[in-house]
Each structure stands twice: as structure tokens, then as C-alpha cells.
Amino acid sequence: ETGVTQTPRHLVMGMTNKKSLKCEQHLGHNAMYWYKQSAKKPLELMFVYSLEERVENNSVPSRFSPECPNSSHLFLHLHTLQPEDSALYLCASSRERGANTEAFFGQGTRLTVV
Amino acid sequence: KQEVTQIPAALSVPEGENLVLNCSFTDSAIYNLQWFRQDPGKGLTSLLLIQSSQREQTSGRLNASLDKSSGRSTLYIAASQPGDSATYLCAPYSHKLSFGAGTTVTVRA
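Protein chains in written order, with my numbering: chain A, 62 to 175; chain B, 3 to 111.
Same shape as in the complex, but just chain A (with noise of 0.2 Å):
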């Protein structure tokens, strides 16, 4: 039980599709993060929330779109991706968005574009 819980844990989609990802902590944190994870690359941060606003898009394309309603929740919604996006996908959280705080990363939803 990291506290970070994603949603589904695997998830096949075609193209044309529209899914979403799900992420929820239990920490009573204010930051919250989306990661993409690809085979032999580093993990790339995509989005930033703090206090469920959006404070970071690091160029990621407009087939990804994140959402916060609130504190504890956050969603990945996708649609008319390509299987370049295959990946896992993952969310952490922290306390707050700055120095001196450690992040919680989720398990993960492994994403497979066909």
C-alpha cells in the first residue's frame, strides 16, 4: 500500500479510442504528478499540480489531457493516440511542490496502443 492508487492497471486501447487513467493518494498531499515511463528511457515528468492547478506542461501533446478536481484526485484523459504512447504511465504526489519534500509514486497503469 504505497498511498498513491492508479487505476486501471492495464489498459489496451485502439486508436481511435477515448480512455482515461485515474489516480488517487491518501496522503493529504497538494502536489500531484503525471510520469511517462517508456522501454529504456528515463521516466519524463508530463504534468504538475499544485493545489490542483496546472503549474507544468512539459510540451506534451494535446491527445493527453490532465485533470484535477481536486486535491486527492487526479485523471489522464487520452484520446487518438498512437503507439509511440504505449508506456506505463505514472502518478506521484508530495506534500507541496517545492524543496525538502518526498514524492509517492502509484504502481502505475501500463498502456498498450494498438
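Warning: the hint list may mix true and false statements.
Just a few of them, taken from the derived set where beta-carbon distance is under 8 Å, the chain A residues facing chain B [said to hold, decoys possible]:
no. : residue
1   : 103
2   : 107
3   : 168
Please keep in mind that the hints were generated in silico from the structure rather than gathered at the bench.
The beta carbon of each residue, even a glycine, is placed where N, CA and C say it ideally should be.
Chain A is already provided as a structure; the job is to place chain B on it using the hints.
Chain B in isolation, oriented as in the chain A frame:
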């Protein structure tokens, strides 16, 4: 841009041996550094957090050192066990967490 390098990329040792994992980073202006463990296909588990003002941090068999000025951190795992087999990632925090490619450890029984 922060560049993180972890050496070696892979390591295989017999059970009981001590492990030394190295991490170097290019921007020494960090606030802290975290070490994580990742099992295949799973998320990251936080192992240790070292603040920029600290030289080392210990948790059980794990000890991490930090030399901020030279941009280096080392994770020591004492008396390795097969359950320690995983990929270990270091992540210095400046304005965001930056990750290296990790060191994949195999501990042979």
C-alpha cells in the same frame, strides 16, 4: 537541464555481498535527492530522501551519501539478499525531480 547518470547500468552479485550504486548529476543546485526502487512493471518505491544540507541518510541496510558540490550520490546496500533484486533510481530535485536510467541489480541466491 539536469542530466543524471547512474553507473553501473547493471550489476549481478552473489547473496551477502555489499552493493555500491553510483549517481552523478550535472546541476549541483539541488534541494534534495531521492533514491527509489522499481520492480519490473511496477511503480517506484521511495527508499531514502537526503536533504541538500545532509551528507548521508540511513535506513536499515541502506545508506545513501550526498556530495552536492561534486554532483554525486552513492547508495550502499549491505549484505544483499535476493529480494533486493530490482532497478534503483536516483532523482535529484532542483525545480523538479530528474531521473537517471537506473541501475538494475540482480542478487543471486
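Query raised in the report: Minimum Cβ distance from residue 103 (chain A) to chain B below 8 Å?
Result: Where the cut-off is 8 Å and the nearest Cβ of chain B is about 4 Å from residue 103 (chain A), the hint holds.
Query raised in the report: Against chain B, is residue 168 (chain A) within 8 Å by beta-carbon distance?
Result: 4 Å, holds
Report task. Against chain B, run the beta carbon of residue 107 (chain A) and see if the smallest gap drops under 8 Å. Result -> With Cβ-Cβ at 11 Å, over 8 Å, it is violated.
Figure legend: structure checked against the earlier numbered hints; the only hint not met is number 2.
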